[in-house]
Every structure is written in C-alpha cells, then in structure tokens.
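If you want the building blocks of each chain, they are given just below.
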Amino acid sequence: MRTKCTFSGSGGQGSALLAKLVCQGAIKQGLKVVMTQTYGIEQRGGDSTGYVIVSDNFIGNPLVENDADISVALSPSIYDGCVDGAVEGGIVLVNSSLITEMREREGVKQVPISASDMAVELGSVKCANIVMLGAALAATNMLEFETVEQVLRETLGAKKPALLEMNLNALERGRTVYASAAE
Amino acid sequence: MKSETLFLKNTQTFAEAMVRCGVRYHFAYPITPATEVMKHTAVILPEYGGRMVQMESELAVANALAGCACTGTLGATSTSGPGMALMQESISFMAAGELPCIMLDAMRVGPGDGDIVGAQSNYFQATRGGGHGDYRVIVLAPASGQEIVDLMPDAVKLAYTYRTPVLFVIDGVTCTMTESAIFPEAHDYAAGFDTSSWAYTGTADHEKRFLLTGSYTHSQGEEMNERLRAKFERIKEKEQRWESIQTEDAEVVLVGFGIHGRMGQDLVANMRAQGKKVGLIRPITLWPFPDKAFEQLPESLKSVLVVEMNHGQMLDDVRLAVNGRVPVHFLGKTGGDMPLCTLADMTAQINTLL
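Quick note, the sequences are listed as chains E and A, same order.
In terms of my numbering, the first sequence has 51 at position 51, counting the first letter as 1, and numbering is strictly consecutive.
In terms of my numbering, the second sequence has 1348 at position 348, counting the first letter as 1, and numbering is strictly consecutive.
You may find that some hints are simply not true.
Under the rule of at most 30 Å between Cα atoms (straight-line distance), these lysine-lysine pairs were calculated in the DSS-like manner [what the hints assert, rightly or not]:
(1) K1277(A) - K32(E)
(2) K1039(A) - K28(E)
(3) K1009(A) - K32(E)
(4) K1039(A) - K32(E)
(5) K28(E) - K1009(A)
(6) K159(E) - K1009(A)
(7) K1002(A) - K159(E)
Simulated from the structure, these hints should not be mistaken for lab results.
Hey, can you work out the whole structure from these sequences and the hints?
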C-alpha cells in the first residue's frame, strides 16, 4: 500500500512538523517513507508544504505529482493548491476556521474541520496541525493511531512535557471529529 | 559508530556516509543546495578527530583539497555547479598529480548563476573532465539516500586504488529529500591503503619527491598523458556500474540516472502490470559510462528513451553506446517549480513509443 500526502500551511502553522511526525511514525512501523519540500523558491513567500509518501515497499517515484491521497490545508493561501493537487478519489482536510470559502471539485472529498478553533479550545492555536494529524490518520489507513501517539510522547515528552497532554488531546480530537465531519 | 538507521536529508546522509567511511577533512564554501553537507560535517567531524574547514572561496577550497590529498590524507568537498566551475583548475591538477579525494556536486540549474532548484545540468562538466587537459574523473550518480551510503566505501576505494578524484553528482531535488538509510558500522576505508610510496609528507623517512604535473621536456608531457591514458582505460574496463531492470524482452528501454532512474523503477513496474514491455537501464557510474549495459540489447527493442533534468547531455553517451541500432529519443526539462519530468510525463512519452 502506498499513501501520498500533502501537508500545507503558512509559516508557523506547523505543516513541516506534521510531515515529520508522519515520517517518524512510518519509520517506527518499519515502512518506507520519503519527504520532499516545496520544490521552488516560493517557500520564501511564507507558505510551507511538506510532501510525504508512506509505502510498504521501495519508493521509486519520490514526487507527489498532483496525486495526493490525503491533503491538509491549514491556511487560505494554499487551499487551491491542495484541491488541485489531490488525486481522483482523494481527501482534502480543510481548516474551516480560516478557510471560509470552499469550491467544489468533482471526485475529491473535502472535509471541513475547524482545527484552529478546536486548537484554541484545547489550549493553543499552535496545535491545529495536530488536530489535523489526528483527522488524517482517521481518514487513511497509513499508520496506526497508537504509533503516532508514541511518536508524540517521544518527541514532545522529553522537551516539552507541558505541551504533551494538549497535543495528545488534539490528536484524539482530530480523530473523533473526522468521523462526524466526514459524514 | 555502530550500524544504525537514520532518517536524514540526503545532503546530511552524504556527510554522515563520507565521515563514516574515512573522510577526516572537509573543505567547503556555502552554496545552495550543498550547504547542509558542511553544516553537518562541522558538527560530526570533531567527534572523529577531523575538521570541517570553511574556506574563503571555492578556489581556496580546491587548493586546500589538493594540498590535503598530497599528504595521502582523504579529504572531501561539496558544492554546486558554480562552485564546481571555480574548482576546475585544481581538479585538473589533482588528476595530473594522481591525487585521491571525494567531491559532491549537488546539481542545480545552470548555466551562469542559474537557479537554486535541482537539476542534472552538470553531466558534461562532470564526465568530460571539466578542467583543461586530457583527463577524466570517476563520476558516481546515486539515486537515493541508501545508495549514497552503499556507494561511499567504493568511492573511497576507487579514489585510492586509481589515485584519482571521485565525484558524486546528485540533483538538488534528491539532495533536499529526506528519507531513511541504513548505515553499516563505521570503517576508515582510506586507512587500508598504503600511501608511503607517493605521499608528500617530508623527507624524514624518504628521499625528496617531486610532484610534476607539467613537463621540463616534451617527452615528459607525453609520458604523463600515456600513463594517465592507460589508467583511464583500466577504469573503463573494470569499473562500469549500472542497474538493468527487465531489459531482456523490452520493446522500449528507459535510460535515466539519479532521480529519473529511480522513478524508472516505478514506471517499469506500472507498465509491466499493464502488459507493456518496458525496461530500464540506470547508469550508476557516469564516467566510465556503462557502455557494457548496451552491448546485449534484445531483438525485441524498438527504441530507447533518455530522460534527464537538462536538455540532453547523457543523451550523447547513450547514442554512442546504442550506436545507431535503434532510435534514441529524449525527454527532459530544467528549472521551474517542478524542475523535472514527472512520472506522468515519462509514462505518456513511453506510450507514444510502444
């Protein structure tokens, strides 16, 4: 099985961290994983995209070339790119706290999740990316939920124990909210 | 350092691999997308008793590297196209002086200052010598982080066995990609080579030696070139490396190095699943070019497609190797937000040839 992901947002929203956490989870499960960054110099413009491919066999083509199975759009500026970059049958998780105008694309399932608002309720807007991570895990079978919980414990547990509980709650919130939002 | 799996950017993987294989001195000057190699070695080399030295320019880098190599010590550098251009005089000197070293060209868009996005635009510069004179350097083109790790011991052995600079060329997209690689236990491969017969380490234990890369008589210039020619012939005969996949009954063979060779593995699998007879030849040494891979082309072959992140450079070598037996087509691009042909582009082109 191979899952192609696009994690996109504005600088500071944590899309790169989101991509890295998925990579670490994949490695923990013994899967192959490749992460590429935004290819051009538009990464200077304030938007940041992490492309991740998780696979159970060797990844020949390392590019996500407008065929993402799952996309996370954290901010309005990258929303169009996420919708256009999805594969037929793909899922786009839309941060509806900030992205207020959505447009239809046939064959692509868009799921609005008010990740930033939920993150504020949980303690900090900064964990909006983790809410989306929980939702992305619920939307795909690419990784075990428990693996990512374990990654969070290892990466945040040592450095920022105070933030660990909030992030674990955010992950769980994303998972539960996806099921109802996707209906 | 024990065997371990690391999840690193491939520039960092290059740094780890070369240090774990015996490089103790890394001379460099910052340039995108190679800078992260020197950032990484600056941190890890002291743990191995070595140093990263940031020089004042690429000219200084290349001369420091040559000086280090003169002593028989394994040194390295990492740069991109504009930096490689500035280093060519010293690389020519090292080829003439038969001095071993490891180099990385993290290729970006040229000519001139070009652009910082990845490219394969330095194939000619890498494989034709680059500097002045009748010489070649061994050129290795890994296609993944794991292959960087796997090739590094060979690179050090080649550098010392043939006493020559060894150049890695990796496109900038692959360089900035992050993936896992399994590193074997660290081993200093350079330490296994006896340099006492040629290294310039003072006259305490041997007679005065001269490093002549020019000639006092016309015959000396000829002798030097004959000696180098014989060495290059030996390398061409013994050191061609490539990967062939399902070429035995192929109707179209894709030829790509680095990232396009890697993508070709998926392409062949996808097309074979549809019953389409496509094969792949992925050169791993760019010099010597793997002519031998093209010796036994199947009767079924209708054409060859070369794909590169440039406007057709390795294409020339493929045409020489195919030697007119079947048509050789080309697909390539350089620059842009997506600075390479996608798998979809490559698939569409192959479909027109079947």
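What hints, given by number in increasing order, does this structure fail?
none
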